[in-house]
Amino acid sequence: MSDTVVSEMSAPSNAAAAASKPGNGPGTGSLATAGRALRMESRKLNFSYGPKQALWDISAQIPEKTVTAFIGPSGCGKSTFLRCLNRMNDIIPDTRVEGDVLLDGNDIYAAGMDIVDLRRRVGMVFQKSNPFPKSIFENVAYGLKINGMCSRAEMPERVEKALRRAALWDEVKDRLETSAMGLSGGQQQRLCIARAVAVEPEVLLMDEPCSALDPIATTKVEELIHELKRDFTIVIVTHNMQQAARVSEFTAFFMLGRLVEHDRTEKLFTNPGQKITEDYITGRFG
Amino acid sequence: MNRTSRRKVLSGVVVFLCAAAVVVALVPLFFVFAYVIQKGFSSLSWDFFTKMPKPVGESGGGMANAIVGSLILIGIASAIAVPVGVIAGVYVSEYGKRRFASLVRFTADVLNGVPSIVIGIFAYGLAVLPVKHFSALAGGLALGFMMIPIITRTTEELLNLVPGILREGALALGATRARAAFSVMVPAALPGIMTGILVALARISGETAPLLFTAFNNRFFTTSLNQPIASLPVQVFTYAIAPYEEWHQQAWAGALVLVAMIFLFSVLARVVTRRLERMHRT
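Chain order of the listed sequences is H and E. In short: position in the first sequence from 1, add 3, done, that's this note's numbering. In short: position in the second sequence from 1, add 10, done, that's this note's numbering.
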């Protein structure tokens, strides 16, 4: 799988960038997307919790079928920004959003947006695995059921497909009817990934999906991410810079609620454009 | 006396006082059980469960009508209070803004503390006065009103204990708020909610006062919801204050059955809770 990553990264990219996306807001340079279409894009996004502003003028582009990593010190707004991408922050009272977030060119904060449909299209995996206290099968079937995506007869097939995609099928195929709470931490997290991909989202948001996992489980999830990006656009928030370097094609560095730098991962880690990025990735602070 | 031995003595005194308090708390319970069993058991027979009350002067007979009546009243009360209480609890926990939620919590606590006779008067005004006769329905309503605040409070408290990340997980899959509440949050809190329901049942099944002028009493067997109906607590009360020794014996037996019923609800609450929890955890 690493072949594809390398070839994408080393492809000449600057020329292709402008064609694929409409005008960027100021504050970030234009992202070289290696010829890929944009799946999501934010334009001058401002976000506040009550009186406290958490995001300032974030303009970022998410190219399709790639992995984009968000890095930055704790409290820098990377998770908040991630949760703006599927309007998960809507359930927090007293929050305010300004600016646009586009999914396939449509503003997800527009008045007519069906938020339930949005969240089906932009799935999410959380920091702490959160399987429902139901059986393994029911966990994966949940999204299919509530969205009315397939008949009862098709359900086993769809569940199997999702579990295979999450590289979990072989471990659980004989115990689908047992409670998901009996799985190990790493298995639970992969179950949550299976549950998210079962509803065929276009974008998969992952909020520090490995921070509660041991190194072996982390490796499994990272391998999974490499597989999943063939079909899905993935955005991952991570505290672990090696992880960002390993799994992503693009990296965005956040600092104090602002997007400092957003570039190809290789470029950002080897030749960052900003002094503060360099200080962060070389461990001088954070 | 030196310092160390003084502290040892003081410690001993405190432990003794704690133990004494436990004894004082448990002794009445023990005596109630012992006395009711001793007095009631001798009058308990198969007839007590299957036969109707006999007229004064005739011996034998039972409280079949009151046992069935009590079950009917509890059934009506649950049919009203379980859906209302659980749904109200879900609403407060899921949608209640902070101030509104604390208002509902406070109101439920006040309602829980209202003397049961007052609840009876309320049900009387609501369901007896308009139709001008007592009924099982009115009795069930009164008991239901007593159950609602208990169920609402436990449901709300237990839902608040369910990690919010489960709700987010459901929402992230495209669930609506209500769907997430009823298909993920409520099932996760179900063991506790069941306990709350059974505790509420145990609490109301011994209530006498709210039934006195709602369900009233009935010497005859009926399953009609629109008629006055007998119940164990009211029957025990009536028999206990009557001047006949035979009736006193029956009252003791009735009290024993009532205590056993409540004991059964409590045990059931534990068993169900444990079983549901085991289903979730492994």
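Please keep in mind that the hints were generated in silico from the structure rather than gathered at the bench. Careful: at least some of the hints might be erroneous.
Said to hold, decoys possible - Have a look at the derived ranges for each label pair, beta carbon to beta carbon:
#1 Ile94(H) - Ala35(E): 22 to 30 Å
#2 Glu230(H) - Arg288(E): 33 to 41 Å
#3 Asn274(H) - Gly174(E): 57 to 65 Å
#4 Leu20(E) - Tyr52(H): 48 to 56 Å
Unchecked claim - Facing chain E, a subset of chain H residues (Cβ under 7 Å, in silico):
#5 Ser77
#6 Gly115
#7 Val119
#8 Arg123
#9 Met127
#10 Phe129
#11 Lys131
#12 Asn133
#13 Phe140
#14 Ile149
#15 Gly151
#16 Lys270
No experiment lies behind these values; they were computed from the predicted model shown. Using N, Cα and C, we set each Cβ at its ideal position, and we do this for glycine too.
These are the hints, each one checked on the structure:
no. : hint                              : in the structure
1   : Ile94(H) - Ala35(E): 22 to 30 Å   : violated, 45 Å
2   : Glu230(H) - Arg288(E): 33 to 41 Å : holds, 36 Å
3   : Asn274(H) - Gly174(E): 57 to 65 Å : violated, 42 Å
4   : Leu20(E) - Tyr52(H): 48 to 56 Å   : holds, 52 Å
5   : Ser77                             : violated, 19 Å
6   : Gly115                            : violated, 17 Å
7   : Val119                            : holds, 5 Å
8   : Arg123                            : holds, 4 Å
9   : Met127                            : holds, 4 Å
10  : Phe129                            : holds, 6 Å
11  : Lys131                            : holds, 6 Å
12  : Asn133                            : holds, 4 Å
13  : Phe140                            : violated, 15 Å
14  : Ile149                            : holds, 5 Å
15  : Gly151                            : violated, 10 Å
16  : Lys270                            : violated, 32 Å
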